Each structure stands twice: as structure tokens, then as C-alpha cells.
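S.K.: Build the complex from these two chains, which are given one at a time in their own frames, with help from the hints.
Note that the protein sequences, when read in sequence, are chains V and W.
Mapped onto our numbering, the consecutive letters of the first sequence carry residue numbers 1 to 63.
Mapped onto our numbering, the consecutive letters of the second sequence carry residue numbers 64 to 627.
No lab work stands behind these hints: they were computed from the structure.
One thing to keep in mind: the hints can contain errors.
Derived pair list, reagent style DSS-like, types lysine-lysine, alpha-carbon separation capped at 25 Å [unchecked claim]:
id, chain 1, residue 1, chain 2, residue 2
1, W, K78, W, K88
2, W, K479, W, K563
3, W, K234, V, K22
4, W, K323, W, K234
5, W, K571, V, K22
6, W, K231, V, K22
7, W, K571, W, K78
8, W, K594, W, K400
9, W, K564, W, K78
These figures come from a predicted structure and were not determined experimentally.
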Amino acid sequence: MAEPDQPEEQAPSTDTEDHAEKIPAMQSLLDNHFLLLFIGVAVPAVLYTIWGVMEVAHIPIAN
Amino acid sequence: MSNLMFRTCPETGLKVHGPAEALIKANAVVAVVFLLIGGLFGLLVALTRWQAIHLLPADLFYLALTAHGADVLVFWIIFFEVALLYFASAILLNCRLATPRIAWAAFFLMLAGAVMANVAVLQGESSVMFTSYVPMKAAPHFYLGLILFAVGTLVAVAVFFGTLVIAKQEKTYSGSVPLVTFGAVTAAIIAVYTIASGAIILIPTFLWSVGLVGEIDTLTYRIVWWGFGHSSQQINVAAQVACWYAVAALTVGAKPISEKVSRFAFLLYICFLLLASAHHLLVDPGISSEWKVFNTSYALFLAVLGSMIHGMSVPGAIEVAQRKNGFAHGVFTWLRKAPWGNPAFAGMFLSVILFGFLGGITGVIMGTEQLNIIIHNTLYVPGHFHGTVVAGTTLAFMSITYLVVPLIFRRELIFKRLAQLQPYLFGLGAMGISVFMMAAGTLGVSRRHWDMAFSDAPFSFDYPPAAFMMMGLNGMSAIVASLGGVAFIVVIVGSILFGKKRDDAFAKENPVIFQGSGATVAHHGDAGSLKIPGTTILVAVFFLSFVLYYFVNWKYLSEVWPLS
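For reference, chain W alone in the conformation it holds in the complex (with noise of 0.2 Å):
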């Protein structure tokens, strides 16, 4: 392979295969394409659903909720852990990209499907949710780009698995992989299963929206589609992780306290993370008790524990980098001390936060049969869902593009304050669309539903008005997100665009990342202590967080059967 293929990063000296770096770039770049075009889709739902506004009428906001799920639940998300696979194999290992044009061919396949199911959602004919559950009939080119983009996946996935077998091959790595790439070959794992759940429910729908077959089985459907559907959502969680070990080993060195621990919450995501699908089913006739419970109360749990390891290990990380980076006086001077100007680690640290508080301890409660009951299909699930892809996978991925733009697009970031304030922005927003959600879903207030006023409905139903001070406070805190996700984007296009190139002197004189975190990023190796009595009180606080909400939730379920 020629060297002429590769450079050598100044500031990680890690080596980067051009190919790969061409890859990386075209799929974060079409990422952020797919984020703005599902993000103003879910604004203008958020504005519908904030009754004073009511913006869109019944068919154009059944559209948009169409469009906001895929783009921002599938496109988005799938098109950015695809750049991240090939940063965590052929970057972080030191090796060349497997088949680079199978991979390009991989890219067009997904950026073919994408393409065509939105326009399939924008012709109106296919305005079946993000479900699109059956016998509710899409557009077939609905379907067929879905297929499209799973394949294209399923393909570039196959190219990442290539490239860790070429680094093997050619020995660019001595013992295990970079914990950051077995994260990402955890995602990976996700990913196959979930995409071949996609393709197991969507070949057949798609026949029968052509007419080749004659029915679909409503259950069935569930079942296999909830594979991929929530499966999917699995893949960020394990690449949101190997996100928070990246950006905190490259803006303040951490490595993490245990990292035999932290690969066995990783094995732990392999095991048992897409068991936890079944907690969209939990009211379904026809399945047994057993099914839901040990897909959800027994193996649900134990992936959450992987979280809650996760959730320890990250704070703990960088707590003992600081205190080694001069830091250490105090319990919490680590904290206050910490780079909150640096977009990249604020946006991190906020998305450990936000998805531990906001999606992790909510998932539990929905995950308990018993207690899912009063919630499900309300807006306690998107609520929920909020916090863990926007608070938490898509904040993630934002802090770590503000180091990719300097490290692989080799530019300056530009309007550097807007940048400072942009982590703080979306996850104030994002973290207000949750947990206003959460409290509408309480409230019982459905979701999916146009008006829930029911204005033209033969039968009236009132909702308490705190439930509609709910969705006033969701549709403002929409409106705070969408600032803090165009301003993202303005800061990333923008920089990418018009920022001043960072040739090899520059980035020198100039790094953005922590000194000598390249190697630490790249390589195997714990922290090498166990002081971490601030991240011990935050730990705490979680608990007791938790503990608090799971039996106040327990607290309704009595009120809703009360017992005499």
C-alpha cells in the first residue's frame, strides 16, 4: 500500500488513510444534511402540538412526524456512526480502509434509500410514522428506499469488520483494540442485527404494498419491526459511549479507571441491549408475561447496568485526568476546572448528564411492566426518547464533530463564541422537550396526535390544563433546541466552508487537543487510580435520583388501581 495514500496527523500523530478521511467526511457531512432537514420537521410538529399555535394541519403534520422520525431517528444518526466506524477502525488502528470503493458504493446505496423515502414522505402518500406500522400502506418507494439504506449500512458495516481484520493482518495494533473502536465494534454488532430486522419486516412489506403479497401479520410485524426500530436507537447508545471516551481522552487525556470494567458494560450492551425492543410491546395481546419480563425487568436491567458503568466510569476518567493535570485540590475543583469554554468536552460531559437523568432513569420506568402500563404510548415516550437521541446520542456526536472539523476536515472552527454557547443551547432545549414531554405523558396526553383538544371529535375528552402548559413549554423548548442545532450547524458548514486551513505548522502551533492524547485515544490502558471522591458524590446523587423516581412512578401506578 502506497505511503502516498496516508499523512500523519500533527497533533494525534496517528496515521490517516485518505480514503478513509475521504469516507469520514462525506458521511458526516450528509449526517448534518439529515439533521437539518428532520430538525425542522420536528420543529414544526413541536409547533403543532403547542395548542396556541397549532401550526400545521392534520395531514401536513402526520408528513413532517413522518419525516422528523426517519431523518433524524435513522438518517442522521446511521449516516454519522457510519463515519464514526471507519474513524474507530482505519484511523484509531493505524490501517487502511478495507475495499474504500465498496465502501463509496455502501455511501450512494444509503444516500440513494434516504433520498427516496423522504420523497416518498413528501408526495403525501406515505405518512405512516416512523412505525409505519400495518395495515397502514406507504408508497412502495417508501419501503424500497428503507431497504436501500439498510443494505448500503449493512454493507459499509461489512467494511468496517474488513478493516479491523486488515489491522490484525498487518499488526498496526499490538493486544486488544482501542476501547474507543470496541465501542464502536459493539455498535457495529447492534447494527447487524438491527438492520437485519429491518430487512426481515421491510422485504415483505414491501411486497405487499406492491401487491405480491396478500397480508401482513399486525403482530408479527411488531415484533420484528420493534428489532429494528429500537434497535437502531441501541447503536447510538453504544457509539454515544465510545463518543464520551473519545472526546474526554482528547480534551483532557482521560483514560478510563477501569477499562476491563468498561469492556464488560460493553459486552454487557451485546448481550442484552436489544432485548430491551420488547418494552414497545409490553401491552400487546397474544405475547406471554414471560417474553415481556425477561426481555425487559431482567435483560433490560442488566444493559442498563452496562450504562450505569458507563455513567460512572466516563466522570471517573476525567476526574482522575484532572487531578493529574494539576487539579486536585478539593472534591469538585476538577469539575468547576474543567475546559466548559471547549464545545467539544461541554457538549460531552452535558450528554453523560442529560442521558443518564433524562433517558436512562425513564427507560427503566418503562421498561417495568407493571409501571409501563401508565404511561405507554403516551408522550412519556418520545419524552424519553428525547433524552437519550437528542440530549444524549446527538449532543454527542456534536461535541466530537467540533474536534473532527480541526483533526479531519483540517479547519479552523469560526464564530468561536457561537460554538462556546451552542452545547448549552441545544441540551437546555433538548432537555426541556424531554422532560416536558415526560410530564404531558404523565398527565396521559397522547402522543402521535394532532389535537388534543378534540375539536371535531364526536366524543370530547379535557385533558387537565397543566397538560397543555406542558406542550407550550415543549414547543418553546423546541424552538430553544432548533437555535442551539442551527447553530451547529452554521458553526460546522461554516467552518468547514469558510474556516482557515490548519496546514501541518498551524495545527502545531495551534492543537485542539489535549497534549499527547492521541496516543491515549488510540491505545489500551487504565487511568491507574481510583480517587474519585466527586465523581462518587455524583454517582450518589443518580442513585438516590433513581430510587426517588422509581417509586414515585410506583406511587401512580396506585393511585390509577387504587386498592381498598
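The following block holds chain V by itself, in its conformation from the complex (with noise of 0.2 Å):
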């Protein structure tokens, strides 16, 4: 085990929160976390499931 250099100083922990400022709306937006659940899956129902099985219904039946 190496003998480490002289640390550094520590820097100023920003883990505090000030309950009185406003929350911003992104952070909002990750602190719900059923709200992610609904966007984590309607995103990939439409885009993905939803748009891909329309494009096979909508192939000609071969006669």
C-alpha cells in the first residue's frame, strides 16, 4: 500500500439543501418518480410498440 501525498484540501460539501428555495422544475420532474414510470413507458409503447406493430398491420395481404 502506497503512503499517499499530502491531501488536499477539503472542498466545501454541497449536499445541503435550502428547503426554502424553489425546486426547479427539472429536479422536480426526477423527484417524481411515477411521473418518470409514465414517461419511461409510454415513450417506448408509442415510438417503439405501438408505431412498430402499425407499420405490419398496415403490410398488403399477399392474394
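M.R.: Right, here's the structure in full:
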């Protein structure tokens, strides 16, 4: 195990919160897990599954 | 809630809910059992595809390939991910697990389903491989097993979300959940869509197998099934990244360099990662280029952006932490002096590097519609996902297991020298499997093919001799990876059964985690520094490799279709 160099000065911690501050919209979104769940299911359901199945459904049936 | 159900971890200071701890143990143990079974089948597959050995006859080869895919791509990883979900919710949020009885019901449902599917495969009537493409038909209990497993997993995910609600209601944390928990939230969200897709396609396929449904449309099956098959590997990506942050925090005290950016990267996963399933369908007829290109070359690249953010954030966080720990001299002293003898750290860092360079870059190649055509359905595809699932996810899960054993099972690791060697052995083998499979795939070797020599085929075909050499090297790499896997199981199972009991006094005297890192992993907050010159150079090397490899593949494509 090597000896460490002189430790750098500890940077001030940034994990304290000021609850009086207005919560940014992005943080509100990221803290709303059920909204994220809706987004995470709806986006692939529409763009991948439903769009894809619709394309297959529109293939003409061979005579 | 009785305090008798909680203990306080002497090392992390976290409150540990007894029923949650028992469920974590049960899910992790079963996961490792399926890793052992699936890994054994994988070795048999690799030794069969090594033409000089060609171990199994054709029927047993496809049986082993089916069992290998199901056991390691579904059962090993999802059992382990459920353990991670319970850890990231009940333990990191200092709260009780929601409805432990229902969580046990989910566990037994998953176990029954996994055993049923394995029995169906071993009976020999369900060698339909992991994808089980219709019109190939497996025994009904193969599909039923997968459905039961999926339902059990969905219930476990519901327990996870319920635990988040309890933690919020009981105010066991303030502000946002910790980043590791947020990664688990991402994995759980992906799991919901994945399992829903599996249920949507496997229930009618089960009914078809028992004769209640006339036919299943093959194209529709492929679209919906890949929403399950590929997305199940996206659960891994989110869970493994959460593991990276957790292990980096617990081994060197690393905090993310920008937690906001890391969370945004997880949001990119939530929105776009699942759409990458489309890369399996890039040569399917009947689906428009608009659908293919949007879901891969646009959406997939946004998810890749998320992975690249994590790929910079994790080493960056380690660099900042190491510099704070006193290794501030020079550009790479922080990396040289990292705890490489700690299997948790070594496994985590190797997972980051191998996932990025092998699984990540090649995923972009496969997600580009034009380039996909030169490697589609070749061994390049399993080469890619052995880079992601084996070198990335499995190694990450192994690394965190080296912390789970002393912290959750409260047992001292045995065979510590073997444990130190294990991540390198497994990482080297996994890297070889990935690289040599992709090299063989680039030479055109088909995946899922019993005999690349076409011995009894009416029309012969000769692969270049280099392709046979690549398959031999792949087989040798599989042996190395298997030795690494066996070493992992010997150390972990041996430690759980025979390891010295770590009571509170012993744990305080012999900590396995970085001092104060329990609070680091269970709270949010940034590292507070952007001084990461070493990481910047590593990222530059990554980008250079990425660009070079991308254009090399366009060169390959130009040789397939010469223009004059």
C-alpha cells in the first residue's frame, strides 16, 4: 500500500439543501418517480411498439 | 414498526430492515446459482463452436444454447437486480420494505418460473433458443415458466415502488433520493416496460403452444418480443451504472462530479434506452426505414449519450476522491494508487472500461442501419452483448457482491488472494469472448450455428481460416472466463457458508468500506471539484477509439458494396 501524498484541502460539501428555495422544474420531474414511470413506459410503447405494430398491420395481405 | 426488525450497520451507519435483508440474501443466492448453471451451459456452447473440439451434437448444442441464454440473460441478472432494488430502496433510504410477504411471494413465483423453464429446456422439447421465435414451438411449460417469472418480477418491482412511497411518507430521507437509488428507479421503470412486453407476447404464444390460438404473426412477435428481450438487457445497464456509483462511493468515497448531470443521464435512459431494441429488426422486411432509423440512429444515440456521461462521471468521481484522499500528484497517480487489490473496486473499474470500449462502441455500430447490414445475425451480435452483459453487467454485479457478503451476509471473505485475482481472470476471459466473437462475426461467421465447417450440408461454404482461429481463441477465452466464474462462486459461496462471522465489534475493527462512505452512498451531493485531467485523457482515448472504429466499419461496408 503506497503512502498518500499530502491530502488536498477538502472542498466544501454541496449536499446541504435550502428548503426555502424554489425547487427547479427539472428536479421536480426527477423527484416524481411515478411521472418518470409514465414517461418511461409511454415513450417506448408509442415510438417502438405501437408504431412498429401499426407498420406491420399495414402490410398488404398477399393474394 | 418495531425497532427489533432493524439493525444498524456498524460500518455504514445505515439502518437495515431485517425482512429486506433476508430478501436481498435470498435473491442474491438464487441469482448466483443461475449464474453457475448458465455459465456451465455457456462453456459447453463455446467448446462446441471451437471447431477443433466441437463438443456437443447438434441437438444438445441448441439445448445448451437455449438454457445458457435464459439462465444468464434473464434469471441470473433479474434475480440479482431484484436484490439490488431492495438494497437501493429499503437499505439506502433507511426504511422498511413494503409488504415483505408479497415480496416473498414474488420471489417464489420467480423461482418457480425459472425452474419450470429450465425443466422444459432440459427435457429437450424446447430448444428454441432465448428468442423462441415463432413458428418454432416450445413445450407449453417453457412459456408458462417465463410468464410466471415475469409476473413475479413485476410484483417485486411493485414492492420497490411501494418502498419508495413508504420512505417518502415516513420522511426517512430529505430532498431527492440518493443517486444509486435513482439508478435503481431507472432500472425498475425499464423493468416495467420490459416485463409488460414479455407478458403481451408470451401469453398468446403460450396459448398458441396449447392450441388455443391459431397462429402468431412472426413480424409482430419479433417487434414485441424484442421489447422484452433487448430491454431486459437495458435493465442491466441502469442497474450496473447504479452499482458503479455505489462501489466507487464505498471503496474510495467517490461522489459524482455533477449529480445533476448524472441524473440527467439516467433520464436519457428512461426516455430513449428502450428504443434501441429496434436494432435487432434493422433488416426485417415490412418495417419502414423511418421507424428503424428513428429508434436506432436518433433515439439510441441519445441513450448512448447517457452512457458516455456515466462513463466520464464514474472515473471522474473516483479521480476527485482519490485526489482528496492524498493521491493528487501527477495526472495518473490517483489511478495507479487506486485499490486494485480490492476485488470490489477492480471489478467495478474493469466493468466501466470493458463496457465502454467493447459493449458501448460496438452497440453504436449495430445501431447504425447501414453498418448493421454487414454484421447482422453474425457472431458480432453475441460478441457485442458479451461485452455489455458479461464484461459490463456481470462483472459489476460480481464487484458489488464482494461488499454484499461482508455488509449484508456479515461474513468475512475466504480465499482473499483468489478473490483479488478473480475480477482480472473473469474480465480477461470476458474481454476475449467479446473481441474474438466480434472478429469472427466481422469475417461473416453466423451466430447460433452448430457447424461452421458445413460438414453435412448439401452446399458447402468455406469461411476464411482466420475465422476458425477466432473461434478457437473464443473457446480459450470462455475457459478463462469460466475459471473466473468458478473462482467467484467458490469465494462467495464459501464465504457465506464458512466465512468468519463479522459481529459488530469485528466489523468496526476491520472495515471493508471507505471511512464515512455509508453516508456518501446514501445521500445526494456533488464531489465539489472538476479537476479531472486523468479522466479527461481517458475520455479522449475513448473518443479517438470510437471515431476510428466507426469509420473502419464504413470502410468495411464500402468493400461489401464497391462503388466505381
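S.K.: Evaluate each hint against the coordinates.
M.R.: To see whether the hints hold, each was checked on the structure:
Using a Cα cut-off of 25 Å, the hinted pair W/K78 and W/K88 holds, with the two alpha carbons roughly 16 Å apart. A distance of roughly 13 Å separates the Cα atoms of W/K479 and W/K563; the hinted pair therefore holds under the 25 Å criterion. Taking the CA atoms of W/K234 and V/K22, the gap is near 19 Å; set against the 25 Å cutoff, the hint holds. For a cut-off of 25 Å, the pair hint linking W/K323 to W/K234 stands: about 22 Å separates their Cα positions.
For the proposed pair W/K571 and V/K22, the alpha carbon gap of about 41 Å is over 25 Å, so the pair is violated. As the CA atoms of W/K231 and V/K22 are separated by approximately 19 Å, the hinted pair is consistent with the 25 Å bound. For the suggested pair W/K571 and W/K78, the alpha carbons sit about 16 Å apart, so the restraint of at most 25 Å is met. Taking the CA atoms of W/K594 and W/K400, the gap is near 17 Å; set against the 25 Å cutoff, the hint holds.
Restraint check for W/K564 and W/K78: the C-alpha separation of about 19 Å stays at or below 25 Å, so the hint holds.
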